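Visitor: Chain by chain, the residues run as shown.
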Amino acid sequence: MKQIIEDLYPMNACLLGEGYDNRLEYIKKLIDLKIYNFPSGTEVGTWTVPDEWIVRDAWVKFKGKKIIDYKKNPMSLIVGSLPFSGTVTRDELAEHLHYSDEMPDAHPFEFKFYEKDWGVTMPKNKVLKGGEVILKEGEYEVFIDTEYKPGVMKVATHTIQGKTDKEILLFAHLDHPFQANDNLSAVACLIDLVKKVKPKQYDHTIKLVFCPETIGSIAYAMSEDISKVDFVIALDIVGNESKEGILLQKSFHTNERINNVAHLALRGMGSGYRQAVFRSGIGSDEYVFNDPSIDIPGILFTTHPYKEYHTSEDTPDKINYEMIEKVQYAVLKTIEYYEKDFTPVRKFKGPLHRSKYGIQTKGKQLNLSWDYFIYAMEHGKTFSSLCVDFGLNYEHTLEQLQRLIDDGQVSVSPITGERTLKKTTRKKH
Amino acid sequence: MKQIIEDLYPMNACLLGEGYDNRLEYIKKLIDLKIYNFPSGTEVGTWTVPDEWIVRDAWVKFKGKKIIDYKKNPMSLIVGSLPFSGTVTRDELAEHLHYSDEMPDAHPFEFKFYEKDWGVTMPKNKVLKGGEVILKEGEYEVFIDTEYKPGVMKVATHTIQGKTDKEILLFAHLDHPFQANDNLSAVACLIDLVKKVKPKQYDHTIKLVFCPETIGSIAYAMSEDISKVDFVIALDIVGNESKEGILLQKSFHTNERINNVAHLALRGMGSGYRQAVFRSGIGSDEYVFNDPSIDIPGILFTTHPYKEYHTSEDTPDKINYEMIEKVQYAVLKTIEYYEKDFTPVRKFKGPLHRSKYGIQTKGKQLNLSWDYFIYAMEHGKTFSSLCVDFGLNYEHTLEQLQRLIDDGQVSVSPITGERTLKKTTRKKH
Amino acid sequence: MKQIIEDLYPMNACLLGEGYDNRLEYIKKLIDLKIYNFPSGTEVGTWTVPDEWIVRDAWVKFKGKKIIDYKKNPMSLIVGSLPFSGTVTRDELAEHLHYSDEMPDAHPFEFKFYEKDWGVTMPKNKVLKGGEVILKEGEYEVFIDTEYKPGVMKVATHTIQGKTDKEILLFAHLDHPFQANDNLSAVACLIDLVKKVKPKQYDHTIKLVFCPETIGSIAYAMSEDISKVDFVIALDIVGNESKEGILLQKSFHTNERINNVAHLALRGMGSGYRQAVFRSGIGSDEYVFNDPSIDIPGILFTTHPYKEYHTSEDTPDKINYEMIEKVQYAVLKTIEYYEKDFTPVRKFKGPLHRSKYGIQTKGKQLNLSWDYFIYAMEHGKTFSSLCVDFGLNYEHTLEQLQRLIDDGQVSVSPITGERTLKKTTRKKH
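Protein chains in written order, with numbering that gives the first Met the number 0: chain A, 0 to 428; chain B, 0 to 428; chain C, 0 to 428.
Keep in mind that a hint or two might mislead.
Where chains are identical, the list cannot tell them apart; a pair therefore holds if satisfied intra-copy or between any two copies.
With a straight-line Cα cutoff of 27 Å, these simulated BS3-like cross-link-like pairs (lysine-lysine) come out [to be verified]:
#1 Lys33 x Lys348
#2 Lys115 x Lys361
#3 Lys70 x Lys60
#4 Lys332 x Lys194
#5 Lys123 x Lys363
#6 Lys197 x Lys33
#7 Lys1 x Lys28
Think of the hints as simulated: they come from the structure by calculation, not from any bench.
Bear in mind the structure is a predicted one, so any value in this text is a computation, not a measurement.
The shape of chain A in the complex, shown without the other chains (with noise of 0.2 Å):
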């Protein structure tokens, strides 16, 4: 994955364009890629595919000097910056001039492809020291040559078969230019990925989708076949050490069988980690499945916050490898979590003789756990859900269940039609 992410990070990746398609050359190269594209112009809902933004050359000067210089720094130029020419004093050039607080020696990552405007970064201890200002008084000599044109957005997928052709999409967008862990880390984890699942290893056959964040997601969700997706999980962000571990950010609907099999993936893995609703943290491509006018479910994992985000700090060096590892088993995890998962359906009558089927403990609470799972088993609810609800590990518990089984105490019900019957009790409420 190191390798990955070292070649496509100096790679200029904009929503569309060179850099963006040099990108997806790249990993066409290591796994199979079918590719959609969207002109400039397509209208995809309220959105509208924009047009290409080409740099030929961006510099600041003062006194005759290159003070910024898009050349040897990139990042010296917003993305989408408006072309610009001409003589500004220092005010009028602190309006277009951003800077990081939180990174005050790095150049932010800024970004203005919808609200037009020309800008230009500069790490903030070159402008201000101790509150004042330090960069000088006079006239700025300012020179922006872009330019706006037609050119084809791209959404990149790669298909592992599975058994049936019910479909789980996992995302990672592939622009932001000169960002490591934001978001190359999701790349290299998804491409990596590949070749820990075999063809037929699961029921859905799962899709990787490389795309422009949010408006790629919206183009492929309103132009694909998406009705045989049960669910979407969206990776951004996730090569940072966190010490407070992988955060699950569940979908808009709470009570989707996903956010429980996520947790319990997430439970299961012995280490620390973090949920949160919907949208309260950050949100990627999941937020535009969530949209009740699409009504999939998506989950996020994610890795953030850290201190290099969105700066020209955030670069291939600081990756945690082992980080972006632990997402990955995540994923197969709550994958294989969601497929197993059944509703387990109660043959006995009376209390559970629970030291019979070795489950009882000499603590209380888990025995009285153990009762309330067998307790809430009436009311229809699946094995992942009984698991959340008590406090049980899904595998623990599943190894457990299974001596209930056998002796016939317990039989298994499938999850059978789960998303078309959501689609149409859903709308009545």
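Once you have looked at the hints, place chains B and C on chain A.
Guide: This is chains B and C only, laid out in the frame that chain A set:
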């Protein structure tokens, strides 16, 4: 409004009788009134219209000297006192003597219309000093020449014609002798409101109702046609400066639309305001209509509490007329928002491209609120309830939403048959 | 009750066997009993009736001297200990040696009927001193002459005939050797209750059930006709002085009417009491019936916790008989309130004229509670649940409501078919 309050204040207006009738006569010179008569003995629900209470004289003498004299101060006698004549000890007098702990220099406003007793009032400071009784021991001569005799209780309405025959009732109780804020403030507020509303300005026909508190609104509700009333607003005590601002006391059923629009009206006024659940503070005529057996949503606007409440210190000179005007404005905005309200229907798929419609903000919270506003449209919620749920301003948000409506992305569905519908469905739960 | 507890205490009553049978024989002399027999090996749900456990002798010798001697102190041996004979080291002995941390001078009551092991007990103070082991190193001679052999487990019932064949079951488990409060307190409470109830005093036929805890009630529930049982009350540990008062542990389904009436019964007694959710503290035979596969609501009355719990210090001399009588009173009031309960139906419109019916109070809270009580009648709630919801006393409120009933303002609707109805509707959620 000042003149109105000062003129009405000295009229000794009980539930029924001369003082009350004088107040009605006065108002009739300012605005048209329709009078409804309820003779003593009329049964309205579990209530019976009481007899008229007449006072000819009342005094208490100690050693031949009048220490309490109704003719000098009519608040020396409790409202509704039975007649009494005789000599009593200090301790016997004490059982019939009322004072205010909170306002020790004032006479309390006491009311015994339904639980029969005789009683007089004094400032607490003339009875007790530092916890010690200073009222001298000895014999007190008591003379209370009152009488109960059949009379006629009157409820008066003024009608402001609307475009339709759907009704809104605005209540201000007209009884409570020698109390300016409670409730001549509201009486003046409604009389003045007539000047500010043009016929057919609103869809609803607005009826102002002046009546004795509680029993007057019960009588109206039991005997008049209220099937066209959409909601009731009671104004009770609206003329003291309240640091916390106007209090909106909501209807019994918490999910009524009137609660939402009144809340939005207050919030839109830019000053502080308070909200409380049904009957949590004071309660006035709105509580009669909220009773599930009548089931018309009613709210209360008030500036209560104030320290002169129910004492001889509640006088016209302490009225804050700016506050009365604010309440009047809140009433009209509430009606306006109620009538302008509608159900927005989402017509677009996928996330909204907020920047295209000028809704995008730099801060994240407002963007999220807007997105949730859109998600929630799926549930057929009204515009007003969406504004309340997501903390958005009624007028500003309507202006923004209008751009989406103009672009065909959202359509407008009227709210129809609300009350009739509720009547039917409510009975089921 | 004192005599009963003192007589039953020395009988070594395990789940089944001679000591248990002796206790039954004793009770049979006081009240009629019907005995149900369950031979060892009988399967009841996932449970199997165990063999009878017989002890002939048991001791531990150190240097030829008996340091543990069953014949001197039968609590020296854990209940259900397997036979064992041999010489063990101090550390080997320690693995089978039980003591109580909370009561270091007492022998613990230990119970290993289902998880087979041998074991003896000692006061902790003879094993450890200040964290140091004072039990000497060396060889210990162990002799445990016990045997498991087929026997007959017995459940006994006493029936108090009611006006109908609807049933209430009152449980007191009869096992636990040498434990007075746990549970001879409840056994005595029920035996004594027989004297206080006349035949056909209640609508319900009341059955007192004496049985081995858990497995006894499971056996009864699985083999007898329980279709007419409306609810179950288990009494477990009801004879210690509890500063916090009697604890009502509620049924699994929180909205059962039995919870409300039991709550009102305790509240009406004027002393402190406690409430807890199902199985939050201890659990006894009521939990068997609450199991959703059986689905009969059951509550527990207890005075637990107490410090002598499950030690040799739980002796007859510590029993608080006043508390047992309070629990007995609570049981009878619970039954009375349950049977007297009804659904009040509102017949009047508009607010109630409270003072007309002597319900008006000076304080505001009680008036509000009464009004809400009336509002909530719209929902077909029972009288008991209305009292609970609005904090009103059962008997006093019934007296007040009776005036409204007598005046035709409220009518009385019986609660019928409750259990049958629930059985049907519950399956749906």
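Visitor: Decide, hint by hint, whether the structure agrees.
Guide: Verification of the supplied hints:
1. For a Cα distance limit of 27 Å, the shortest separation of Lys33 from Lys348 across copies, 25 Å, qualifies, whereas the shortest one inside one copy, 55 Å, does not.
2. Only between protomers do Lys115 and Lys361 lie at most 27 Å apart by alpha-carbon distance; the minimum there is 14 Å, versus 67 Å within a single protomer.
3. Taking identical chains as interchangeable, the C-alpha atoms of Lys70 and Lys60 lie at most 27 Å apart only when both belong to the same chain, with a minimum of 14 Å there against 92 Å between chains.
4. Only within a single protomer do Lys332 and Lys194 lie at most 27 Å apart by alpha-carbon distance; the minimum there is 16 Å, versus 64 Å between protomers.
5. For the homomeric pair Lys123 and Lys363, the shortest alpha-carbon distance between copies (23 Å) is at most 27 Å, but the shortest distance inside one copy (58 Å) is not.
6. For the homomeric pair Lys197 and Lys33, the shortest alpha-carbon distance inside one copy (19 Å) is at most 27 Å, but the shortest distance between copies (67 Å) is not.
7. Taking the shortest Cα distances, Lys1 and Lys28 sit within 27 Å of each other inside one copy (16 Å), while across copies they are farther apart (86 Å).
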